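*Asks:* Note that the protein sequences, when read in sequence, are chains S and A. Letter by letter, the first sequence follows residues 1 to 190 in UniProt numbering. Letter by letter, the second sequence follows residues 1 to 190 in UniProt numbering.
No lab work stands behind these hints, which were simulated from the structure alone. Everything numeric in this text was worked out from a predicted model, so none of it was measured.
Straight-line distance between alpha carbons at most 27 Å, and here's what the computed BS3-like set of lysine-lysine pairs gives:
| hint | chain 1 | residue 1 | chain 2 | residue 2 |
| --- | --- | --- | --- | --- |
| 1 | A | Lys29 | S | Lys43 |
| 2 | S | Lys29 | A | Lys43 |
| 3 | S | Lys53 | A | Lys53 |
| 4 | S | Lys29 | A | Lys53 |
| 5 | S | Lys43 | S | Lys53 |
| 6 | A | Lys29 | S | Lys29 |
| 7 | S | Lys29 | S | Lys53 |
Not close to chain A: a few residues of chain S, all C-beta gaps over 12 Å, as computed:
| hint | residue |
| --- | --- |
| 8 | Ala8 |
| 9 | Ala13 |
| 10 | Arg16 |
| 11 | Ala34 |
| 12 | Lys43 |
| 13 | Tyr71 |
| 14 | Asp90 |
Backbone N, C-alpha and C fix where the C-beta goes; we use that ideal spot for every residue, glycine too.
2 protein chains.
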Amino acid sequence: MTDSPRGAARTEAIMRATLELGAEIGYAKLSIEAIAARAGAGKHTVYRRWPSKGALLMDSLLHLHRSSLDYPDTGDIVADLRTQIHAAVDLLGNPPFGPLYRALIGEAQHDPALAEALNERFIAPQTEMTLARLRTARDQGLLSPSLDLDLAMAVLSGPLYFRFLITREPLTHEYVDRLLQSLFDGMGAR
Amino acid sequence: MTDSPRGAARTEAIMRATLELGAEIGYAKLSIEAIAARAGAGKHTVYRRWPSKGALLMDSLLHLHRSSLDYPDTGDIVADLRTQIHAAVDLLGNPPFGPLYRALIGEAQHDPALAEALNERFIAPQTEMTLARLRTARDQGLLSPSLDLDLAMAVLSGPLYFRFLITREPLTHEYVDRLLQSLFDGMGAR
Chain S
1 MTDSPRGAAR
11 TEAIMRATLE
21 LGAEIGYAKL
31 SIEAIAARAG
41 AGKHTVYRRW
51 PSKGALLMDS
61 LLHLHRSSLD
71 YPDTGDIVAD
81 LRTQIHAAVD
91 LLGNPPFGPL
101 YRALIGEAQH
111 DPALAEALNE
121 RFIAPQTEMT
131 LARLRTARDQ
141 GLLSPSLDLD
151 LAMAVLSGPL
161 YFRFLITREP
171 LTHEYVDRLL
181 QSLFDGMGAR
Chain A
1 MTDSPRGAAR
11 TEAIMRATLE
21 LGAEIGYAKL
31 SIEAIAARAG
41 AGKHTVYRRW
51 PSKGALLMDS
61 LLHLHRSSLD
71 YPDTGDIVAD
81 LRTQIHAAVD
91 LLGNPPFGPL
101 YRALIGEAQH
111 DPALAEALNE
121 RFIAPQTEMT
131 LARLRTARDQ
141 GLLSPSLDLD
151 LAMAVLSGPL
161 YFRFLITREP
171 LTHEYVDRLL
181 QSLFDGMGAR
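Same shape as in the complex, but just chain S (with noise of 0.2 Å):
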């Protein structure tokens, strides 16, 4: 989509309308007469651009942060997996970025298409990366060549999900080291 000057401006003020108003009332009380009138806009314009609160929210925190989940390459696997999951953990485990996100993936669980969105804009990119990242480092011989990198992406991120959007345990640094460190000194099961 194509802006004028004026319009993204416009659609900049009031994707930080979203983030700002859904910070200071929850994602429950958040409606769109009152992210249009916080951001100085007509209701309609809003609605011409967003088909729902939910895909106005996930283009907010997209593109608001669109810039903090950028990968490290210094050549030590182990510390830039562990600066980015802690950064990540860091914007899912504190406002405004994580209450919002919960909100997101929940209303996800009930609009299909807001969950691929979801998908194909954050999570598969995301994904791409991590693996990217660790395809390098294998390529280096870094890690061994049969290692399942698929699944090695799953038991790093499944678990600190499972603690955002179940248990609501903290997210805590300590807690992705320990993931990390089951994931490459094994976890001694037998």
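Based on the hints, put chain A in the right spot on chain S.
*Replies:* Chain A only, in chain S's frame:
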């Protein structure tokens, strides 16, 4: 709460109607009015017992599936985990439980009281049963004394919930087996 036999039958009818209607039309379209009508009860009867649609759905799911996830103990810890987790993914991956449980978790992201109740009444008891089974195996010398049981639980369940709630990839027995193998044989990261 103590019920007369008639009260208990009515409660059961309301919970059955919730799951039936939920399976037919989906959680989003489900209303207390329609559930009451299907169960032949007044809607005030429903509201008197359940504060919200989410609370009613949770009771209905937990009551009607309460015996599905009992824990086997054949003496073979890997076989028992496999049996139990295969049963869990069969439940999660199929109607009526799967889509309604996904909707319940979605609702819990907007409703902290529901999230807490889900943890207390379903997640925590399930986790405790699995941990008890793992502890028995450890005490029998079948698992390493140094195994971090909480982390083992997280590595087994987190990736399944990640698929269930985020990527919506299929929950297959084959995937469960890969997770179990990674836990017991290590992932050979390096």
